[in-house]
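Peer 1: Given next are the chains, with one letter for each unit.
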Amino acid sequence: MMQWESWSAFWDMGGAGFFVWGSYGVTFAVIALELVLVLQRRKETVKRLLRWRRAVGKDGSGRAGARMES
Amino acid sequence: MKPRSKRMMLVGGGVVLLVAAVALVLSAFQQNMVFFHTPSDVMEGKAPRGKTFRIGGLVESGSLQREADGFTVRFAITDTAQTIPVSYKGTLPDLFKEGKGAVVQGSLGPDGQFRATEVLAKHDENYMPPEAAHALEQAQKTADTVSQ
Amino acid sequence: MASGSIDQDNRMNPSPRGPSVLRFAAPQNFYPLAGRLAPWFAVTAAVLTLIGLWLAFFVAPVDATQGNVYRVIFIHVPAAWMSMFIYLVMAFWSAVGLVMNTRLSFVMSQALAPTGAMFCFVALWTGALWGRPTWGAYWVWDARLTSQLLLLFLYFGFIALTRAIEDPRRGDRAGAIIALVGAVNVPVIYFSVKWWNTLHQGASVSLTKAPSMASTMLMGMLVLAFASWAYTLAVTLWRVRPMILERERHTEWVGAVLDREGGRK
Chain A
1 MMQWESWSAF WDMGGAGFFV WGSYGVTFAV IALELVLVLQ RRKETVKRLL RWRRAVGKDG
61 SGRAGARMES
Chain B
1 MKPRSKRMML VGGGVVLLVA AVALVLSAFQ QNMVFFHTPS DVMEGKAPRG KTFRIGGLVE
61 SGSLQREADG FTVRFAITDT AQTIPVSYKG TLPDLFKEGK GAVVQGSLGP DGQFRATEVL
121 AKHDENYMPP EAAHALEQAQ KTADTVSQ
Chain C
1 MASGSIDQDN RMNPSPRGPS VLRFAAPQNF YPLAGRLAPW FAVTAAVLTL IGLWLAFFVA
61 PVDATQGNVY RVIFIHVPAA WMSMFIYLVM AFWSAVGLVM NTRLSFVMSQ ALAPTGAMFC
121 FVALWTGALW GRPTWGAYWV WDARLTSQLL LLFLYFGFIA LTRAIEDPRR GDRAGAIIAL
181 VGAVNVPVIY FSVKWWNTLH QGASVSLTKA PSMASTMLMG MLVLAFASWA YTLAVTLWRV
241 RPMILERERH TEWVGAVLDR EGGRK
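Protein chains in written order, with this note's numbering: chain A, 1 to 70; chain B, 1 to 148; chain C, 1 to 265.
Please keep in mind that the hints were generated in silico from the structure rather than gathered at the bench.
Do not take every clue at face value.
Pairs of lysine to aspartate or glutamate residues, derived as DMTMM-like cross-links and limited to a Cα-Cα distance of at most 20 Å, are as follows [said to hold, decoys possible]:
#: 1; chain 1: A; residue 1: 43; chain 2: C; residue 2: 261
#: 2; chain 1: C; residue 1: 194; chain 2: B; residue 2: 118
#: 3; chain 1: A; residue 1: 47; chain 2: C; residue 2: 246
#: 4; chain 1: C; residue 1: 194; chain 2: B; residue 2: 41
#: 5; chain 1: C; residue 1: 209; chain 2: B; residue 2: 79
#: 6; chain 1: B; residue 1: 51; chain 2: B; residue 2: 69
#: 7; chain 1: C; residue 1: 194; chain 2: B; residue 2: 111
#: 8; chain 1: B; residue 1: 97; chain 2: B; residue 2: 118
#: 9; chain 1: C; residue 1: 209; chain 2: B; residue 2: 41
#: 10; chain 1: A; residue 1: 47; chain 2: C; residue 2: 259
#: 11; chain 1: B; residue 1: 100; chain 2: B; residue 2: 69
#: 12; chain 1: A; residue 1: 47; chain 2: C; residue 2: 252
#: 13; chain 1: A; residue 1: 43; chain 2: C; residue 2: 246
#: 14; chain 1: C; residue 1: 194; chain 2: B; residue 2: 124
Among chain B residues calculated to face chain C with C-beta under 7 Å, some are [stated by the list, open to error]:
#: 15; residue: 8
#: 16; residue: 99
#: 17; residue: 103
#: 18; residue: 106
#: 19; residue: 124
#: 20; residue: 125
For each residue, glycine too, the CB sits at the ideal point set by N, CA and C.
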């Protein structure tokens, strides 16, 4: 705690707590949101493409992908 | 000509044209991109008349006065060449200080007084711990006395 | 539907006689490479973020004029840098795509856009929260703030356009044009504080002069800037992978990847 006398002084940020923590809080929230969206998009794409492959008959029926889903 | 180099020429030509267009637009809008006028601009009559505009500069040292109502403040904005007196009713931003930058919005009265409706503090790009700021101030004072 | 797209797919792959560096420009080589590299960048980003936050809050001293509120700078400046830099990289990949007709380049620029928009929003948001206690206003229409807001709209326009156009080839081209035209705005943002009177202060850190910051403050900001680089690389590589699968869905290798994915569940 080189810069701060106590934890409450740390959270208070010399009276600027709202502005400092509002900045950091929202920043890390949107980063977390972006990571979730990227992960979701991957799952959704793989699912959709597997469905598409079955629809166009490219799934090489009998292989793992088709067996697992049916 | 190979299709690739033809495409490259098209893309390059397009980019050059666009840059030129944007440069033209920017230079046309240059006047409107000015956020504030300096006191010298105002004295030379470059600031808009009869409507609100902004003046930016330093708050002249020793000029800040509070009226008896505790609400109205008077100070002067200077760019070291010209100085304009300003009056303002309201609270000043925390960083508003004599000798520091400020931008005031309002209109110029016939008496040459600028009546501000909004006061913004303009800070510089220097960041330093208080000890360093103090040392810098001391060094500045020493330099001033030596030069005198 | 098959014949046309197969032709395009073949065109995406550089000829096998090309230089070996170009091997990774082929989607089937880039896809697994991206998957291997992304976690390393993510770990680097996480470690650098922790170090950066420690420097920002426990090592860097309070600022003489602004007090502790200046600590917003540690995310504001890296985010603003990143929002401009990512747009330039997008413009670069768009130009490469238009000239060389490599579709992977367009996909790269589209994978970068959401992260660029995110950093652009963060720069504006933290700037507003920093402006209120220091300047006395959340927002002013000065050249710096206005051009940065324009950058956010350019990101939104790029993302909307590339997603709205059904035909990927036309979408790629339309997006590339926005990326190239909009790139002009980036130097405008950067130099706005020099070219015009702005409320926003000038640059504290630039290539042409010594930084006007105490060294521990500067250190925290630079570490977090590197963290945002690593983060951008990680998240972009993660985002580009499903986009490649989508584009290359007619090919054998994607079929094999999907079979593995399907079998994994």
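Peer 1: Should the hint that residue 99 (chain B) touches chain C count as held when the rule is a Cβ pair under 7 Å?
Peer 2: Violated. Min distance 11 Å.
Peer 1: Does the structure keep residue 194 (chain C) and residue 111 (chain B) at a Cα separation of 20 Å or less?
Peer 2: violated, 33 Å
Peer 1: Would the pair residue 209 (chain C) and residue 79 (chain B) pass a check requiring their Cα atoms to be no farther apart than 20 Å?
Peer 2: violated, 24 Å
Peer 1: Holds or violated: are the alpha carbons of residue 47 (chain A) and residue 252 (chain C) at most 20 Å from each other?
Peer 2: Holds. Residue 47 (chain A) to residue 252 (chain C) sits at ~17 Å (cutoff 20 Å).
Peer 1: So if I understand the rule, the pair passes when the alpha-carbon distance is 20 Å or less; does residue 97 (chain B) with residue 118 (chain B) pass?
Peer 2: holds, 15 Å
Peer 1: With a cut-off of 7 Å on the beta carbons, see whether residue 125 (chain B) makes it to chain C.
Peer 2: holds, 4 Å
Peer 1: Residue 103 (chain B) was flagged as interface toward chain C. Is the shortest Cβ-Cβ separation under 7 Å?
Peer 2: holds, 6 Å
Peer 1: Does the structure keep residue 43 (chain A) and residue 246 (chain C) at a Cα separation of 20 Å or less?
Peer 2: Roughly 12 Å separates the two Cα atoms, so the pair holds.
Peer 1: Has the given pair, residue 51 (chain B) with residue 69 (chain B), been kept, meaning a C-alpha gap of at most 20 Å?
Peer 2: violated, 27 Å
Peer 1: Does the closest beta carbon of chain C sit nearer than 7 Å to the beta carbon of residue 8 (chain B)?
Peer 2: For residue 8 (chain B), the interface hint holds, since the closest Cβ of chain C sits about 5 Å away, which is under 7 Å.
Peer 1: Compare the distance between the alpha carbons of residue 47 (chain A) and residue 246 (chain C) with 20 Å, and conclude whether the hinted pair is satisfied.
Peer 2: The given pair, whose Cα atoms are some 11 Å apart, holds under the 20 Å limit.
Peer 1: Sort out whether residue 69 (chain B) lies within 20 Å of residue 100 (chain B), counting only the CA atoms.
Peer 2: With Cα atoms ~25 Å apart, residue 100 (chain B) and residue 69 (chain B) exceed 20 Å; violated.
Hint compliance for this structure: hints 2, 5, 6, 7, 9, 11, 16 and 18 are not met, and every other hint is.
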